Structures are given as structure tokens and as C-alpha cells.
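2 protein chains.
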Amino acid sequence: MSVTERKTRPHGDARRRTVLTVATELFSQRGYNAVSIADVAKEAGLSQAGLLHHFPTKRALLLAVLQERDRGGDAPTPHGVDFLQAFTDALRHNDATPQLVQLFALLSAESISEDHPAHEWFVERYDTLVAELTAEVAAAVDPDKLPAGIDAETLARWIIALADGLRTQALLSPESFVRADSVEAFLAVLRPYLRAEDSEDPGTVGIPDGY
Amino acid sequence: MSVTERKTRPHGDARRRTVLTVATELFSQRGYNAVSIADVAKEAGLSQAGLLHHFPTKRALLLAVLQERDRGGDAPTPHGVDFLQAFTDALRHNDATPQLVQLFALLSAESISEDHPAHEWFVERYDTLVAELTAEVAAAVDPDKLPAGIDAETLARWIIALADGLRTQALLSPESFVRADSVEAFLAVLRPYLRAEDSEDPGTVGIPDGY
Numbered sequence: 002m003s004v005t006e007r008k009t010r011p012h013g014d015a016r017r018r019t020v021l022t023v024a025t026e027l028f029s030q031r032g033y034n035a036v037s038i039a040d041v042a043k044e045a046g047l048s049q050a051g052l053l054h055h056f057p058t059k060r061a062l063l064l065a066v067l068q069e070r071d072r073g074g075d076a077p078t079p080h081g082v083d084f085l086q087a088f089t090d091a092l093r094h095n096d097a098t099p100q101l102v103q104l105f106a107l108l109s110a111e112s113i114s115e116d117h118p119a120h121e122w123f124v125e126r127y128d129t130l131v132a133e134l135t136a137e138v139a140a141a142v143d144p145d146k147l148p149a150g151i152d153a154e155t156l157a158r159w160i161i162a163l164a165d166g167l168r169t170q171a172l173l174s175p176e177s178f179v180r181a182d183s184v185e186a187f188l189a190v191l192r193p194y195l196r197a198e199d200s201e202d203p204g205t206v207g208i209p210d211g212y
Numbered sequence: 002m003s004v005t006e007r008k009t010r011p012h013g014d015a016r017r018r019t020v021l022t023v024a025t026e027l028f029s030q031r032g033y034n035a036v037s038i039a040d041v042a043k044e045a046g047l048s049q050a051g052l053l054h055h056f057p058t059k060r061a062l063l064l065a066v067l068q069e070r071d072r073g074g075d076a077p078t079p080h081g082v083d084f085l086q087a088f089t090d091a092l093r094h095n096d097a098t099p100q101l102v103q104l105f106a107l108l109s110a111e112s113i114s115e116d117h118p119a120h121e122w123f124v125e126r127y128d129t130l131v132a133e134l135t136a137e138v139a140a141a142v143d144p145d146k147l148p149a150g151i152d153a154e155t156l157a158r159w160i161i162a163l164a165d166g167l168r169t170q171a172l173l174s175p176e177s178f179v180r181a182d183s184v185e186a187f188l189a190v191l192r193p194y195l196r197a198e199d200s201e202d203p204g205t206v207g208i209p210d211g212y
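Residue numbers (our numbering), protein chains in the order written: chain A, 2 to 212; chain B, 2 to 212.
Because the hints were derived from the structure by calculation, they are not lab data. No experiment lies behind these values; they were computed from the predicted model shown. Certain hints may be false.
As the list claims (entries may be wrong) - Non-contacting residues of chain A with respect to chain B, defined by C-beta distances greater than 12 Å in every case (computed): (1) 34; (2) 43; (3) 53; (4) 71; (5) 79; (6) 91; (7) 94; (8) 97; (9) 99; (10) 116; (11) 139; (12) 145; (13) 168; (14) 182; (15) 192.
What the hints assert, rightly or not - If you anchor each label on the Cβ, the simulated ranges turn out as follows: (16) B:182 with A:12: 53 to 63 Å; (17) B:46 with A:44: 33 to 43 Å; (18) B:44 with A:115: 47 to 57 Å.
Glycine residues also receive a C-beta, built at the ideal position from the N, C-alpha and C atoms.
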């Protein structure tokens, strides 16, 4: 690595981060469709050429924003009931940064159009989320205890839908209720359907304090 | 009324309807922020001046689109359990026109920003919907049967959130499940909490066939 590279890399990284922060802010306020590369460059204090050096297209910038904001932590993934608890913990954590919550609300709605550059990304994100949550719900609930016609996938879709739908209500009227509390109350209603603690698969059924 | 007025009125009405149809289409595909008056005028085959004659601002056009699409029918409003059944019937009816469903998904997300011209409209729409549904849920359920910590407003928020959240999932993956069926299954899960049919207020508790 040359001296020049060593010197400029940190500047480049800092600039890249500034662009991502500014793009996140503008996309979450107005949506992807209504924001131009020129808007982001201006707000980030860069020339358009300077911005395009880091992100060659607006689409590449969008995908970088989504990737950046959807990274999981390094903690090991819990399973079954613990996973459901971790899900509400994550909602509570996310709600501390309403701008990012708004970003996902707005981009997921925009991306319903098949020609939106994040369409495939959101289709896959929801497919993965539904599959993952379905597996964890299946590990947590006793199918014999579920009401007729309700399966693990239905419950998984409800939990994801509640998190998304209550997000809209909470962002429009932030004083009216706490989203994570409401989702947690829903999970508490599922308690009668959980596997007994002394089931054959005790690894998945520990109910944490305060669940 | 002059002869001229009588002759031009139907043309004016037809033009107004064309503009509303085009605006609905463009707003539902790209969002309000990314669509200009010039885009709508071009697509509707009008000059900008011609469009502004009917809708003096883009904001006025948006509010006309929302008002037009959110009109209730003329049928009398049912109450209690019948209202909940009517709610899923309305979802099923709406899902037959996915473009309008997408319009509300996208505009409600955009309108979270306080400077969006439909912000107040959506805040009021959700406040009204939550209040109305809370009253109907309260008429349908027996508070003594509800799990601890769950009240009528919580259930009302869940039902609205399910309808909105499942909308995103169904629009992204139309083949995966039927939104109205899923919401109907949720209402069926509430059955143990309903007032007995022989309660003191029989007018609100009749459970329709197939509920």
C-alpha cells in the first residue's frame, strides 16, 4: 500500500459514511423515488462525480443503505420462545431511532412496484423473515394446542404484520402507545399455545423472565 | 345555466375523472413525492394549465384522490361482531383492486413525514379508525374474558395493524396467502372472548354464519 493510499483511505471511508447517513435521512423523509443523486451529493457536500466514485448509481446507493441498516448484531441467534423475545427486544431497540424505522416503512411501500430497484431485496427480506419466524414459532408452540386452522406460518405472518402495521400507527401518533409493548402483549396471548416446559425438546421452551 | 355551460360541464367532469384516475395510478406506483403535476397532465393528455383549472395545486389533487378513494358505501354501518365481519368483507373487496391498496400503502408511509401534505389526513384517518374499531370491539367482546392487560383499544390496534402489515406481505408476494382470510382467521381466534349470545345486549352479539 502506498503512502498516498494510506492517507486517503480514511478520508474516503469517512466520505462514504457521510453519503450513507445523508442518503438514509433523505430516503426516510421523501422516499427513494423523489430523491436524486444531486440532492444527496449537495447535502453531503460532495460533487456528483465525488459521490459516484463511491456509489456508481442511485440504485447502488440504495442497496448500500439497506444493507448497512439491516445488519444483524454479532450475538448468537436464540431459538423458539427466546427468539420471539429477542424479536420484541429488537423492535424496542429499533424504535430508539425512528428515522431508520421510517426508512424501512417508506422503502418497503415504494418497493411493492416491481420496477423499484429494491423490489427483489424486499421480496427476499420478507420471504426470509417469514420462513425464519415460522421455524421459530413451530419450535415454540404445541400444534395440538393451536385453534383449528391456525399454523406456525399464520402466526409468523401475524407477528411480522403487527410489527409493521403498529409501526405506521406509532409513527403517525408517537404519543398514543408503545409498539414493542403491544407486540409483546400479543406474544403473551400466545402463551396458552406454547409447548409445556417439560416437553421432549426443552432446549427451545424456556420462557424468559417478564415474557 | 347557459347553453355553453350545459354543453361543457360533462366534458369538464370527464376530464376531472381522467385526472383523478391517472393521478391514482402514478401516485400508487411512484408515490406522491416523485410525481409532478407535469407528469399527471402529460399522462392525462391535458396541458398543465388545463389540469390546474381542476386542481389548483398538487396538494389539492392528492387530497381529492384520497377523498375519492376512501368514500364509504351507502350501506348502513353494522355494529359489534357484524362490524368486524364487515371489516374483513371490505378487505376482500379492496384486494380486488390492488392498485388502490398499493396507493394507501405508499401514501400512508410517505405521510409519516410531518411536512407531507397528507400527514394530517392520515393522522386523523388512523385516529378515527382506531376510535371506531375500539368502540365496536368493546361492543363485541366481554372484558371479563380478555387476557390480563388486553383491552378493546389494544385489540382494535392489532386488527388494523394486521390489515396493514399483511397488505405489505401480500403485495410483495401475491401468491403466498390471502390477506382477508388471514385477518378473518385472527377474528375467529377472538371468539372465546366474545360476549355470550344470551348477554344483556343481544343486538350487538349475533355471530354471522361462517364467522
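Hints, one by one, checked against the model:
Residue-level check failed: residue 34 of chain A sits 3 Å from the nearest beta carbon of chain B, not beyond 12 Å. At roughly 17 Å from the closest C-beta of chain B, the C-beta of residue 43 of chain A stays outside 12 Å, upholding its exclusion from the interface. At the 12 Å boundary, the C-beta of residue 53 of chain A stays outside the reach of chain B, the nearest C-beta of that chain being 21 Å off. The claim that residue 71 of chain A is not at the interface with chain B holds, since no C-beta of that chain comes within 12 Å of its own (minimum 16 Å).
Every Cβ of chain B is farther than 12 Å from the Cβ of residue 79 of chain A; the closest lies at roughly 23 Å, confirming the non-interface assignment. No beta-carbon of chain B is positioned within 12 Å of the beta-carbon of residue 91 of chain A; the least distance is around 16 Å. The beta carbon of residue 94 of chain A is kept farther than 12 Å from every beta carbon of chain B, the shortest such distance being approximately 19 Å. No Cβ of chain B approaches the Cβ of residue 97 of chain A within 12 Å, the least distance being about 17 Å, so the stated non-interface status holds.
Non-interface call for residue 99 of chain A relative to chain B: violated, since the shortest CB-CB distance, roughly 9 Å, does not exceed 12 Å. The non-interface label for residue 116 of chain A is inconsistent with chain B: the shortest C-beta to C-beta separation is roughly 8 Å, within 12 Å. The Cβ of residue 139 of chain A lies farther than 12 Å from every Cβ of chain B, with a closest approach of about 17 Å, so its non-interface assignment holds. Residue-level check passed: residue 145 of chain A sits 16 Å from the nearest beta carbon of chain B, beyond 12 Å.
Residue 168 of chain A, annotated as away from the interface, has a beta carbon of chain B within 12 Å; the closest lies near 8 Å. With a cut of 12 Å on Cβ distances, residue 182 of chain A falls inside the contact zone with chain B, its closest approach being about 9 Å. The Cβ of residue 192 of chain A sits about 8 Å from the closest Cβ of chain B, inside the 12 Å cut-off, so the non-interface label is violated. Judged by the Cβ atoms, the range 53 to 63 Å given for residue 182 of chain B and residue 12 of chain A holds: they are separated by roughly 55 Å.
The hint said 33 to 43 Å for the Cβ distance between residue 46 of chain B and residue 44 of chain A, and at roughly 37 Å that hint holds. As the Cβ distance of residue 44 of chain B to residue 115 of chain A is approximately 19 Å, the hint placing it in 47 to 57 Å is violated.
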